[in-house]
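If you read the sequences in order, they're chains A and B. Take the first sequence: its letter number 174 is residue 173 in numbering that gives the first Met the number 0, and every next letter is one higher. Take the second sequence: its letter number 411 is residue 410 in numbering that gives the first Met the number 0, and every next letter is one higher.
Hints were generated in silico from the structure; no laboratory data involved. Every value quoted in this text rests on a predicted model; they were computed, and no experiment measured them. Hints are supplied without guarantee of correctness; some may be wrong.
Okay, derived cross-link-like pairs now, DSS-like style, lysine-lysine, Cα gap no bigger than 27 Å in a straight line [claimed, not checked]:
| hint | chain 1 | residue 1 | chain 2 | residue 2 |
| --- | --- | --- | --- | --- |
| 1 | A | K192 | B | K381 |
| 2 | B | K33 | B | K1 |
| 3 | B | K313 | A | K196 |
| 4 | B | K48 | A | K176 |
| 5 | A | K200 | B | K126 |
| 6 | A | K196 | B | K27 |
| 7 | B | K48 | A | K116 |
| 8 | B | K27 | B | K48 |
| 9 | B | K313 | A | K76 |
| 10 | A | K3 | B | K313 |
| 11 | A | K226 | B | K181 |
| 12 | A | K116 | B | K27 |
| 13 | B | K244 | A | K192 |
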Amino acid sequence: MIGKDVLGIREMSKEDLLEILDTAGEMKKILVGNKDSDILRGKTVVTIFFEPSTRTRLSFEMAAKYLGAHFGNIETKTSSVVKGESLIDTVRTIEKMKADVIVVRHNMSGAPHLMAKYLDASVINAGDGLNEHPTQALLDLMTIREKKGFFDGLKVVIVGDIVHSRVARSNIWGLQKLGAEVRLVGPATLLPKTFEKLGAKVYYDIDKAVDGVDVVMGLRIQLERQKNGLFPSKDEFSKYFGITEERMGLAKKDAILMHPGPINRNVELTSKAANATYSVIEEQVTNGVAVRMALLKILCERRKSNEISY
Amino acid sequence: MKLVIKDGIVIDGERFNEKADILIENGKIKGIEKRISLNDAISIDAKGKHVFPGFIDMHTHLRQPGFEEKETIKTGTHAAVAGGYTTVACMPNTNPVIDNEIVVEYIKSIAEKEGYCKVIPIGAMTKGMLGEEISEMAKLKDVGIVALSDDGFPIMNSGLMKRIMTYGNMYGLLMITHCEDKMLSGEGVMNNGIISTKIGLRGIPHEAEEVMLARNIILAKSTGAKLHVAHVSTKDSVELIRRAKADGVDITAEVTPHNLCLTEDMVDGFDTNTKAYPPLRTKEDVDALIEGLKDGTIDVIATDHAPHTKDDKKVPYEIAAFGISGIEIAFSVVYTYLVKNGLIAIDDLVKRMSIVPSKLLKLTHGFKIGNDADMTIVDLGKEYTVDVDNFKSKGKNSPFNGQKLYGVVEYTIVNGEIKFKNDGNYRVSNV
């Protein structure tokens with residue numbers, strides 16, 4: 000059962016995932032309806048982002064407001080933590096302003112786990128370092144379920160910078176728990192063989208990896224990785240690991256294309272592929288709000304009914 | 000003053016493994032006999048307990064001068080005697096760095112006034128440990144330095160390292176090297192492997208240690224320097240050292256209790272008390288380290304006692320300080336994990352924590368008549384639960400907190416004086 004916090008997909012059971020996805024389905028009805036609910040009336044949600052992300056932050060804000068919560072936001076730089084004001088002090092201050100749920104993004108893996116240990120408020124991980132991005136994975140799972148209707152035996156390939164991707168990690172855990180087969184493809188400097196030990200299949204040839212899959216998921220590539228010598232150029236990356244219309248042709252006929260955004264057009268995906276009918280990238284954004292509404296609802300209900308101690 | 004330790008099982012890892020009485024007079028060992036009866040001596044009943052030559056730690060961080068909030072010579076040596084240590088060699092990464100005679104004299108004088116055990120400072124290889132100019136090694140030797148190290152700042156410039164070894168070897172100084180190729184370890188914070196892949200922490204590959212170790216072996220071979228490898232952590236490092244020894248290189252090596260007993264699995268969950276350099280490695284590495292200890296490839300167990308404040312560790316894993324506070328429980332950790340599990344013999348443990356380091360640091364030590372009476376009495380049958388709040392060290396950063404361990408240090412005697420006594424309430428007595 001989901002506890003006080005939502006820190007990662009790895010800690011969740013299949014039942015947890017399905018409960019969230021079912022609730023997200025209900026929330027989507029509110030979202031596409033009159034967007035007016037009092038499910039979170041009297042509750043306070045605060046987002047604290049130590050790393051810039053307009054999209055995810057706004058998605059949480061919308062989710063909280065559509066459900067009638069009070070909402071606050073802080074954007075800060077990690078350097079202030081290093082300089083002396085500790086992370087724990089910072090979030091405790093927010094908690095003392097009576098926040099019920101604190102949504103955190105941090106550039107360091109495990110930062111939300113540390114906060115959760117010291118806070119009575121519920122913590123939602125909105126992305127920590129290279130570790131996990133659970134809400135992104137949940138919205139991906141929701142989108143896949145809407146389009147495919149099932150997970151068992153589904154073949155999903157994740158393409159690009161796997162080693163630095165919290166989105167990839169969360170999706171690997173989530174997809175496997177729900178019964179899907181996960182393939183990974185990318186240059187060896189961005190995809191170590193150790194990922195095989197997580198139960199995924201590792202490929203270095205995108206054509207082979209995409210062959211016969213139901214879902215193709217691109218990842219955003221950080222262009223500074225090139226400066227660090229992890230790949231030679233974005234041209235070479237897009238030629239050998241880019242998702243093109245031709246490569247989508249190798250996947251199943253009804254395959255879908257996903258991407259967490261924002262896209263580096265013509266690097267990870269060609270514009271043609273991104274705009275094609277099989278692309279579900281924009282629906283992912285909508286589902287992101289529904290999933291976040293679902294998590295806020297579940298956590299606040301648990302708090303209210305004292306199912307969790309705090 | 001006369002002191003008799005009665006009925007203990009005396010083990011020194013070399014000559015003794017028997018029940019005997021030990022007579023101490025004026026700080027020196029006066030006699031070791033089956034039975035010593037004196038009316039005018041204070042006696043300690045060691046029946047059922049073991050008496051070892053005091054442990055010697057070749058790798059301690061006392062933090063004074065400069066970082067007294069983490070540890071002082073007083074608290075660090077208090078922790079040392081609580082762990083059964085009678086001598087510690089302290090690393091030069093203080094502020095100022097131990098790169099001149101004044102700092103050496105300062106540490107020695109504070110240790111004499113406030114310390115609980117003997118302290119031997121280790122000199123820096125380069126001025127300010129900046130890896131640029133070689134330190135005044137001869138002057139350092141004149142004030143008592145027997146070993147050199149730039150501690151956690153490996154000399155990346157191979158030409159400079161060769162000059163350090165060549166110059167230092169004139170004076171027979173031991174070269175204690177932290178083997179790490181910084182280009183390979185990069186921003187890593189834990190072992191590179193399955194757990195780092197799972198939890199998204201940047202990994203330190205084992206090659207970072209081995210590449211630098213291989214270079215240092217090659218340079219030691221060409222210069223004839225005495226190379227001592229600090230905190231070995233990987234399987235392939237053990238093999239490199241084994242081959243270098245067979246090849247006639249003057250090389251010795253140490254391993255820490257945590258690298259010998261814990262694996263990277265403990266990092267899952269982001270407990271910053273598991274963050275150390277070198278990082279906790281895999282089961283395969285741990286097995287190879289134990290094998291290396293058994294066959295003599297690894298000579299010494301040293302603590303790399305690295306105390307930090309709570310604030311240094313109460314941060315995300317990536318920015319937490321590297322290091323484990325371990326001197327107080329080092330013996331019982333290795334005893335519990337290795338000796339009790341039949342992996343090494345108690346004689347061997349004593350040898351690697353006492354006799355071998357004394358030889359490397361050129362100390363007169365052990366159960367010989369006339370030697371300083373430095374010894375430790377341990378109850379191997381007694382169990383305790385590690386509680387960092389009871390540590391004498393200011394550093395409470397231990398991944399063993401809450402674990403049950405065997406082997407309680409009952410007395411630590413330095414120069415014939417009882418410097419630590421356990422009064423039954425684990426580690427609460429001050430002598």
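Here is what the structure says about each hint:
With a C-alpha separation of about 46 Å, the suggested pair A/K192 and B/K381 falls outside the 27 Å cut-off, and the hint is violated. As the CA atoms of B/K33 and B/K1 are separated by approximately 17 Å, the hinted pair is consistent with the 27 Å bound. Distance hint between B/K313 and A/K196 is unfulfilled; the C-alpha atoms sit about 31 Å from each other, more than 27 Å. For the hint pairing B/K48 with A/K176, the CA-to-CA distance comes to about 54 Å; that exceeds 27 Å, so the pair is violated.
For a cut-off of 27 Å, the pair hint linking A/K200 to B/K126 is broken: about 51 Å separates their Cα positions. The straight-line distance between the Cα atoms of A/K196 and B/K27 is roughly 58 Å, outside the 27 Å bound, and the hint therefore fails. Restraint check for B/K48 and A/K116: the C-alpha separation of about 42 Å exceeds 27 Å, so the hint is violated. For a cut-off of 27 Å, the pair hint linking B/K27 to B/K48 stands: about 21 Å separates their Cα positions.
With a CA separation close to 18 Å, the supplied pair B/K313 and A/K76 stays within the 27 Å bound. Pair hint A/K3 plus B/K313 holds up; C-alpha atoms about 21 Å apart against a cutoff of 27 Å. Between A/K226 and B/K181 the alpha-carbon distance is near 18 Å, which keeps this suggested pair within the 27 Å criterion. This hinted pair does not check out: A/K116 and B/K27 have alpha carbons roughly 52 Å apart, beyond 27 Å.
Among the hinted pairs, B/K244 with A/K192 is inconsistent with the structure: their alpha-carbon atoms are about 34 Å apart, more than 27 Å.
Of the numbered hints given earlier, the model fails hints 1, 3, 4, 5, 6, 7, 12 and 13; all others are met.
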